[in-house]
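Asks: Counting the sequence shown from 1 gives a position; the numbering used here is that position plus 108.
Note that these hints are calculated values from the structure, not bench results. Mixed in with the good hints there might be a few duds.
Taking lysine-lysine pairs in the PhoX-like style, the calculated list, with each CA pair at most 25 Å apart, reads [as the list claims (entries may be wrong)]:
(1) Lys222 - Lys243
(2) Lys186 - Lys240
(3) Lys109 - Lys155
(4) Lys158 - Lys148
(5) Lys155 - Lys112
(6) Lys350 - Lys340
(7) Lys350 - Lys371
(8) Lys169 - Lys148
(9) Lys186 - Lys155
(10) Lys252 - Lys222
(11) Lys158 - Lys243
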Amino acid sequence: KNAKIALIQYCLSAPKTDMDNNVVVSDYAAMDRILKEERKHILQLCKVIKKAGVNVLLIQKSILRDAYNELSLHFLAKMGILVVTDIERSDVPFICRTLGCTPIAHSDSFQPNKLGYAQHVGDVVMEGSSHKVTKFTGVSNPGKTVTVLLRGSNELVLAESARSLHDAQCVVRSLVKQRAIMAGGGAPEMETSIQLTKYASTLQGMESYCIKAFAQALEVIPYTLAENAGMKPIHVVTELRKCHIESNTTTRNTNVGMGINVKTSTVSDMYEINVVQPLLVSTSAIQLATETVAMILKIDDLIVVA
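All chains should be built: construct the whole structure from the sequences, respecting the hints.
Replies: Right, here's the structure in full:
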């Protein structure tokens with residue numbers, strides 16, 4: 109209760125030299141003196157943490173040497189300090205923003221404004237398993253963060269769940285950056301292809317040929333979608349093109365949202381079945397693909413090195 113939280117980025121273990129050296133000690137008295145100095149050094153680091161009023165300590169994982177050892181954990185336990193070890197470096201900004209604390213890089217940098225505060229911190233056993241997680245409740249200055257805990261029967265299911273969650277977050281991010289949605293199922297790509305083909309017919313020469321090729325390239329998206337869904341891609345794309353051409357010949361534009369319905373293997377109105385996607389997804393993909401092609405076309409020659 110009434111936890112004072114600190115996240116340290118230095119090691120609670122015996123110091124090591126910058127270079128990989130070996131020290132051979134053959135005298136028992138010298139060995140005992142080295143152990144006493146190591147014990148004294150670690151105890152002094154723990155006393156600094158205790159003096160700052162910290163009772164919950166988060167230790168970042170170190171790749172150079174041990175971030176902690178059994179002796180430091182023993183001293184911290186006797187001082188009544190809860191320790192959470194092996195904090196990944198990539199998780200430090202998120203944890204600090206959530207708990208309202210600041211990473212401490214040296215033992216001399218302990219200050220009250222760098223600590224986080226919570227009403228209660230403790231281990232909680234997850235339902236249906238024996239795994240424990242550390243739960244922070246009643247954080248005084250919580251940041252605008254959200255923690256989602258994913259559970260799965262194996263690593264494959266867990267990785268797939270994480271990927272699906274990341275895709276959903278990217279959709280929301282795209283909508284926040286550009287608040288516009290449109291029909292899915294290859295409908296916008298087919299409509300854009302038809303409009304570009306009409307525009308190319310009004311031009312002559314190289315420009316007309318390039319725009320027609322660009323329009324044909326856009327049809328690859330609904331073609332690939334139908335192929336991945338196990339449908340007949342040529343038949344489906346032809347039917348989809350027909351629906352969009354008919355929508356342009358009428359004044360009502362009733363078929364402008366027609367796309368590929370992978371559930372029924374037919375061409376359906378995407379707005380009626382609520383299949384939509386952010387506008388930024390398609391525009392970004394087309395823009396990046398166009399920039400890539402333009403960059404390749406600028407290559408004059410290749411130098412083959414044997």
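Asks: All hints, please: hold or fail.
Replies: Each hint tested on the structure:
Under the criterion of a C-alpha separation no larger than 25 Å, the hint pairing Lys222 with Lys243 is consistent with the structure, at around 20 Å. Note on Lys186 and Lys240: the hinted pairing holds, with a Cα-Cα distance of about 22 Å set against a maximum of 25 Å. Annotation: proposed proximity of Lys109 to Lys155 holds, straight-line Cα distance about 21 Å (limit 25 Å). The suggested pairing of Lys158 with Lys148 holds, with an alpha-carbon distance near 15 Å, which does not exceed 25 Å.
This hinted pair checks out: Lys155 and Lys112 have alpha carbons roughly 15 Å apart, not beyond 25 Å. Using a Cα cut-off of 25 Å, the hinted pair Lys350 and Lys340 holds, with the two alpha carbons roughly 16 Å apart. With a CA separation close to 21 Å, the supplied pair Lys350 and Lys371 stays within the 25 Å bound. Only pairs whose Cα atoms come within 25 Å are accepted, and Lys169 paired with Lys148 is accepted, the gap being roughly 23 Å.
Between Lys186 and Lys155, the direct Cα distance comes to roughly 11 Å. Compliance with the 25 Å bound is thereby established for this hinted pair. For the proposed pair Lys252 and Lys222, the alpha carbon gap of about 18 Å is at most 25 Å, so the pair holds. Distance hint between Lys158 and Lys243 is fulfilled; the C-alpha atoms sit about 22 Å from each other, no more than 25 Å.
Checked against the numbered hints above, the structure violates none of them.
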